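Q: Read off the chains here:
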Amino acid sequence: MSTFQLATLTTWIRNSAVYRSIVRHGVADTNRNRSLIIFENLFLHVHPVKVREKTLKFSHTYWLGGITMVASFVLFATGILLMFYYHPSVPQAYRDMKELMFVVDNGVFYRNMHRWAAHLMVLGAMLHMLRVFYHRAYRPPRQFNWVVGVILLLITLLLSYTGYLLPWDQLAFWGVSVGTNMAKEAPIIGKPLRFLLLGGNIVSENALLRFYVLHCVVLPAVLILFLSVHIWRIRKDGGVQGPPEKDDHEEVEP
Amino acid sequence: MSQVPQPLTPVESNDPIVVPKRVAMVRPDTRPTLRRREEKWVMTFPHLIIREVIMFMAVVIGLAVIALLFNAPLEGLANPLETPNPSKAPWYFLGLQELLHYFPPVVAGVVIPGLVVTALVVIPYARINLVAGPLWSGDRKRLSTGIAAVTSVLVILFSAFQCWAIVVPSLIVAAAMFAARSEGKGRPFRRFLTLVTLPEWVMTWFVLVAAILTIIGTFFRGPGWSLVWPWNMYPPA
Chain U
1 MSTFQLATLT TWIRNSAVYR SIVRHGVADT NRNRSLIIFE NLFLHVHPVK VREKTLKFSH
61 TYWLGGITMV ASFVLFATGI LLMFYYHPSV PQAYRDMKEL MFVVDNGVFY RNMHRWAAHL
121 MVLGAMLHML RVFYHRAYRP PRQFNWVVGV ILLLITLLLS YTGYLLPWDQ LAFWGVSVGT
181 NMAKEAPIIG KPLRFLLLGG NIVSENALLR FYVLHCVVLP AVLILFLSVH IWRIRKDGGV
241 QGPPEKDDHE EVEP
Chain V
1 MSQVPQPLTP VESNDPIVVP KRVAMVRPDT RPTLRRREEK WVMTFPHLII REVIMFMAVV
61 IGLAVIALLF NAPLEGLANP LETPNPSKAP WYFLGLQELL HYFPPVVAGV VIPGLVVTAL
121 VVIPYARINL VAGPLWSGDR KRLSTGIAAV TSVLVILFSA FQCWAIVVPS LIVAAAMFAA
181 RSEGKGRPFR RFLTLVTLPE WVMTWFVLVA AILTIIGTFF RGPGWSLVWP WNMYPPA
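Those protein sequences? They're chains U and V, same order as listed.
Count the first sequence with our numbering and you get residues 1 to 254, in order.
Count the second sequence with our numbering and you get residues 1 to 237, in order.
Treat the hints as calculated values from the structure; they're not laboratory data.
Nothing here was measured: the structure is a model prediction, and the numbers come from that model.
One thing to keep in mind: the hints can contain errors.
[To be verified] Chain V stretches covered by chain U per the calculated footprint, using a threshold of three residues with CB under 8 Å from any CB of chain U:
hint	stretch
1	62 to 73
2	140 to 152
3	158 to 170
4	197 to 207
5	227 to 234
[Stated by the list, open to error] Taking beta-carbon pairs under 10 Å as the criterion, some of the chain V residues facing chain U (in silico):
hint	residue
6	Val18
7	Ile49
8	Phe56
9	Gly76
10	Thr83
11	Val106
12	Ala179
Built from N, CA and C at the ideal position, the CB exists for glycine as well.
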């Protein structure tokens with residue numbers, strides 16, 4: 001009687017008909033199988049099969065875009081969990097915050113994580129943009145991806161701002177009042193725009209519902225749309241662009 | 001039943017009809033450039049994927065630790081009749097709110113953010129840093145006059161509004177630009193300064209001003225938007 005071995009089990013699973021129907025390639029022992037891992041996978045195939053070795057260096061990108069994207073994944077995951085306990089109405093929204101903090105299992109943890117991940121996403125997007133500027137990575141052919149990035153930064157700020165109102169505490173109410181009072185000053189469109197956003201002339205129950213729908217449905221959908229374009233175009237524009245090389249002109253001979 | 005395929009036999013011939021050859025026409029005025037140095041490529045799996053997974057886990061673990069240690073703020077129930085003093089926007093808008101203290105709302109709330117977004121969108125289309133020559137590589141006299149003139153206009157304009165939070169960083173950046181005039185002798189930092197291009201100076205100025213305004217708005221503004229020390233602030237920032 002042979003003893004149980006994990007390797008035997010994994011080999012058996014890997015060779016089973018069901019596993020082979022899901023993952024067609026074998027283990028990553030050859031470059032062919034390593035290529036198949038990338039381009040037979042929906043989630044990985046946005047990568048090229050090979051990348052330049054220098055792009056793996058930390059100082060090439062500081063991973064700032066990646067960190068921002070991971071923060072957004074954390075926000076999606078924790079945000080969906082928080083939605084199960086949240087009513088966008090006054091004053092139930094605030095009571096739900098108390099419920100999350102004192103009654104719901106791990107409620108306070110998920111709320112904290114959502115909050116800090118949101119800060120990380122805003123900060124990460126800003127630092128990523130600065131990194132791209134100082135590395136001159138917006139130059140042709142990446143001009144349009146820079147513009148998509150500016151749009152993504154604005155969406156990120158709007159997402160964070162609409163989420164700011166949802167707890168319906170003093171911080172949320174007055175923070176959003178200050179901001180929307182500034183929007184009022186825009187000539188001609190300012191006041192109608194503010195009315196449309198708040199569903200009235202002051203921050204009220206209507207504003208809470210509108211911000212909730214924007215925060216949980218509209219803006220995440222727009223974010224996913226532009227994020228997809230952004231990631232896709234990195235590949236189409238020739239991969240991530242790191243710092244400019246000093247001997248760029250020496251490398252090329254006519 | 002399929003037929004057994006005929007074995008392939010390689011044909012060797014110099015006749016282009018039998019063995020086609022690839023021909024590239026290169027005109028002398030449009031010669032393609034060649035890379036002298038070969039770049040090293042590696043397989044995405046495992047080299048890139050493993051790094052992405054590590055980065056993912058590091059961010060999630062880091063956020064989880066922060067979430068365990070620090071609670072998200074929650075104040076009392078929203079009350080439209082009780083205005084907290086000061087009432088502040090989220091931190092990324094506090095730079096703008098700080099500007100509101102110096103300028104009319106239409107400038108701080110509409111004109112300046114509009115200009116910033118426009119400037120950001122225009123960057124890749126305005127030939128910025130395409131050549132990327134060092135700041136002092138051109139006509140030095142003209143450039144000195146230009147920097148002095150722009151700095152003077154900025155300093156006079158913002159001094160009129162008593163906005164020292166913009167005046168001081170503008171003077172510092174202008175001084176650093178003139179400090180970069182020397183021929184890159186001396187310390188490595190000095191040598192690094194001489195390589196900075198004009199757009200990079202402008203962006204550095206913008207980031208410095210934005211950071212200073214945000215820090216003042218977050219940590220140094222108390223009741224009635226008066227200046228207070230962070231340790232005297234209630235409620236703490």
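Q: Does each hint hold? Answer for all of them.
A: Each hint tested on the structure:
1. 62 to 73: holds (count 9)
2. 140 to 152: Violated, because only 0 residues of the stretch 140 to 152 of chain V bring their Cβ atoms closer than 8 Å to Cβ atoms of chain U.
3. 158 to 170: This one is violated; 0 residues, fewer than the three required, reach chain U with a Cβ under 8 Å.
4. 197 to 207: Contact hint for the stretch 197 to 207 of chain V vs chain U: holds, 3 residues under 8 Å.
5. 227 to 234: violated (count 0)
6. Val18: At 33 Å from the nearest chain U Cβ, Val18/V fails the 10 Å test, so the hint is violated.
7. Ile49: With Cβ-Cβ at 7 Å, under 10 Å, it holds.
8. Phe56: Hint holds; Phe56/V Cβ to chain U Cβ min 5 Å, cut 10 Å.
9. Gly76: 5 Å, holds
10. Thr83: The hint holds - Thr83/V has a Cβ within 10 Å of chain U, the shortest such distance being about 7 Å.
11. Val106: With Cβ-Cβ at 4 Å, under 10 Å, it holds.
12. Ala179: 19 Å, violated
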